[in-house]
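Participant: Place chain D on chain B using the hints.
Next come the chains, spelled out residue by residue.
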Amino acid sequence: MLKLNNISKSFQTDRIETIALSNINLHIEKGEFVSVMGPSGCGKSTLLNIMGLLDQPSEGNVAVDDKAIESYQDKHITGLRNEKIGFIFQSFHLIHDLRVIDNVELPLLYRNISAKERKALAAAALEKVGLKARTHHYPTQLSGGQQQRVAIARAIVGKPEILLADEPTGNLDSHMGDEIMKLLESLHQEEQATIVMVTHDEEMAKRTGRTIRVFDGQLVH
Amino acid sequence: MFSNYIITAWNVFLRRKFFTFINLFGISITLTVLMVVSTIADGYFYPTGPEKNIDNIRVINRLVLTNDEHSHTNSSRLGYKFIKDNISRLQAPELISINSGTQMTAIFNQGRKSKLLVKKTDNVFWQVLDFSFVDGRPFTQNEFESGQFVAVINQRTQKELFGEESAIGKNVSFDNQNFNIIGVVDNVSAVEETALSDIWVPYTTNATSGYQQETMGRWDAILYHSDPEILEQANQEYIHMLKNDVILETPEKLTEAYSGAYTKLESLSREMFYEEYSYDTHEQMFISVMIGLVLLFMLLPSINMINLNVSRIMERASEIGVRKSFGASTKQLLMQFIVESILLTLIGGVIGILLSIFIINSIEASGIIPYAMFSFNFRIFVVGLFLVLIFGLVSGVYPAYKMSRLNPVTALKGGF
Chain B
1 MLKLNNISKS
11 FQTDRIETIA
21 LSNINLHIEK
31 GEFVSVMGPS
41 GCGKSTLLNI
51 MGLLDQPSEG
61 NVAVDDKAIE
71 SYQDKHITGL
81 RNEKIGFIFQ
91 SFHLIHDLRV
101 IDNVELPLLY
111 RNISAKERKA
121 LAAAALEKVG
131 LKARTHHYPT
141 QLSGGQQQRV
151 AIARAIVGKP
161 EILLADEPTG
171 NLDSHMGDEI
181 MKLLESLHQE
191 EQATIVMVTH
201 DEEMAKRTGR
211 TIRVFDGQLV
221 H
Chain D
1 MFSNYIITAW
11 NVFLRRKFFT
21 FINLFGISIT
31 LTVLMVVSTI
41 ADGYFYPTGP
51 EKNIDNIRVI
61 NRLVLTNDEH
71 SHTNSSRLGY
81 KFIKDNISRL
91 QAPELISINS
101 GTQMTAIFNQ
111 GRKSKLLVKK
121 TDNVFWQVLD
131 FSFVDGRPFT
141 QNEFESGQFV
151 AVINQRTQKE
161 LFGEESAIGK
171 NVSFDNQNFN
181 IIGVVDNVSA
191 VEETALSDIW
201 VPYTTNATSG
211 YQQETMGRWD
221 AILYHSDPEI
231 LEQANQEYIH
241 MLKNDVILET
251 PEKLTEAYSG
261 AYTKLESLSR
271 EMFYEEYSYD
281 THEQMFISVM
291 IGLVLLFMLL
301 PSINMINLNV
311 SRIMERASEI
321 GVRKSFGAST
331 KQLLMQFIVE
341 SILLTLIGGV
351 IGILLSIFII
361 NSIEASGIIP
371 YAMFSFNFRI
381 FVVGLFLVLI
391 FGLVSGVYPA
401 YKMSRLNPVT
411 ALKGGF
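As you go down the protein sequences, you meet chains B and D in turn.
In this text, residue positions in the first sequence follow this note's numbering: the first is 1, and each later residue adds one.
In this text, residue positions in the second sequence follow this note's numbering: the first is 1, and each later residue adds one.
Pulled out of the complex, with its shape left as it was, chain B reads as follows:
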């Protein structure tokens, strides 16, 4: 359902061209739980950003549901980001000015959905991650693990086809990290969620169905 065809990505900084990714071919099937591993700076995050349509590849193309992305202009890309993809970040990236429930409903704001329906869907997503009791709290009132659960609720509220998680347990202690991992596993098993997760942790990677290794911007097998 997500295909990367001959993806290369280079950055131009101070007259030096840095190659972040070169010639990546990757196919994520529906219902897969894939982990991405590699040393720091190898291009894992760039890869994830390109999968999530946040970053535009220098060469090659991304295809979602067999349809290649031709333009990264707002009008072509925002709908895809909104409906197909759910992001989970290492540092949670919750909006501190908004309550938990308002954070969770955020993706639905950019769809044509009534406020009532948005609240109902957000409440259901919060229940799924076990945080129904924290609906009206602010993110800063929660522990790191709880904040990441809120972020997961936000990622799944719009029922996207793929979840992209960038080191979701990287900022958490091992106990909390394990809980988050269990939550992702249950989403995968019970809801057949497609998940791509960047991680540094070999143990976490073993718990996924497939591991992709990136080294110096290339896939290693």
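No lab work stands behind these hints, which were simulated from the structure alone.
The reader is advised that the hints may include incorrect statements.
[Claimed, not checked] For lysine-lysine, the following DSBU-like pairs were computed, each having C-alpha atoms within a straight-line distance of at most 35 Å:
1) B/159 to D/331
2) D/402 to B/119
3) B/84 to D/413
4) D/331 to B/132
5) D/402 to B/116
6) B/84 to D/331
7) D/331 to B/119
8) B/182 to D/413
9) B/116 to D/331
10) D/402 to B/84
All figures in this text were calculated on a predicted structure; none of them were measured in a lab.
Facilitator: Frame of chain B; chain D shown alone:
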């Protein structure tokens, strides 16, 4: 969607109290100053007292006389003789009133001394201006022409001299003359300088007739016409007369006369961009300078707000990154931030308007501007609203534009 923008904005304000406070402080103080100034200007240009028919009158109160070489120049108010010799010949106005400038006069009453303004006028004065009489009547043509010692006073004078008793039929004395009070009018705000006085008496009661020989002096002429457009013709006629057949009898042999039957705006503008030997009033320049000053005054808080808003980008970069990764378009984010800043300026505007009402009331109560009666009206409200929106847009659009265009990947990293 829109209601969500407002709810988000409200949350942001509440969660960032210091930022909100600084912003509101800047906006409301700036607006208060502008509103107070425009209320006073409004009271000046659109009087509500005797000069409320401002469109039907033109006041001539400045005259510059000079000789051919411009080596000898006099500038002052008009002399009675100049008015009679020249202005009285004008055909366009329906009515012409002659009256003196006011003079502070000491009046002794029951052992107490009151300092009051006295103005000497003709009977036409009461026709060209729209005084509201609370008691009695103005003086008639007959009373004026026969030089009867009658007086109209304002309420303040009545209160000061007679307390709560009616003043009609009683006497008021000054300059060794004794006047019979026949009318009492509302106090006149000091911004209505043509009508302003405490006591009005016929100038035919003057003890001497020396004033009748003066070309320069302390007199004003008021031209009246029921059709405002004809007053402009009257001004043209007057200037044409000054250029071509002005009658001047001065010992210094002055030959050129510069004056005009100006509107209030034109007079004020002429005072500012004073050109001695010209009939121009430069009101376009005056208006431009005023608008320029207002913009300059608004510039500082605007820059301050832009700065505050831009530094808010730093703090909220990750929010922008998150919203973009979940499908927000640049346009939606632009709207969100503009709504935020307009909402903030509107709240600041409401505070500013309330503050202005308070200050205007305080000015009225304090007597800094005697008898001032300013009222907030629709015009001021519209001006205020307009200023608020300009403010909100100026300070909000640029930062919003900058914020909304952040690249999501860099925004998520918290930078630019």
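Participant: Determine for every hint whether it applies to the structure shown.
Facilitator: Tested hints:
| no. | hint | result |
| --- | --- | --- |
| 1 | B/159 to D/331 | holds, 24 Å |
| 2 | D/402 to B/119 | holds, 31 Å |
| 3 | B/84 to D/413 | holds, 23 Å |
| 4 | D/331 to B/132 | holds, 33 Å |
| 5 | D/402 to B/116 | holds, 32 Å |
| 6 | B/84 to D/331 | holds, 20 Å |
| 7 | D/331 to B/119 | holds, 24 Å |
| 8 | B/182 to D/413 | holds, 27 Å |
| 9 | B/116 to D/331 | holds, 24 Å |
| 10 | D/402 to B/84 | holds, 27 Å |
Of the hints listed earlier, there is not a single one the structure fails to meet.
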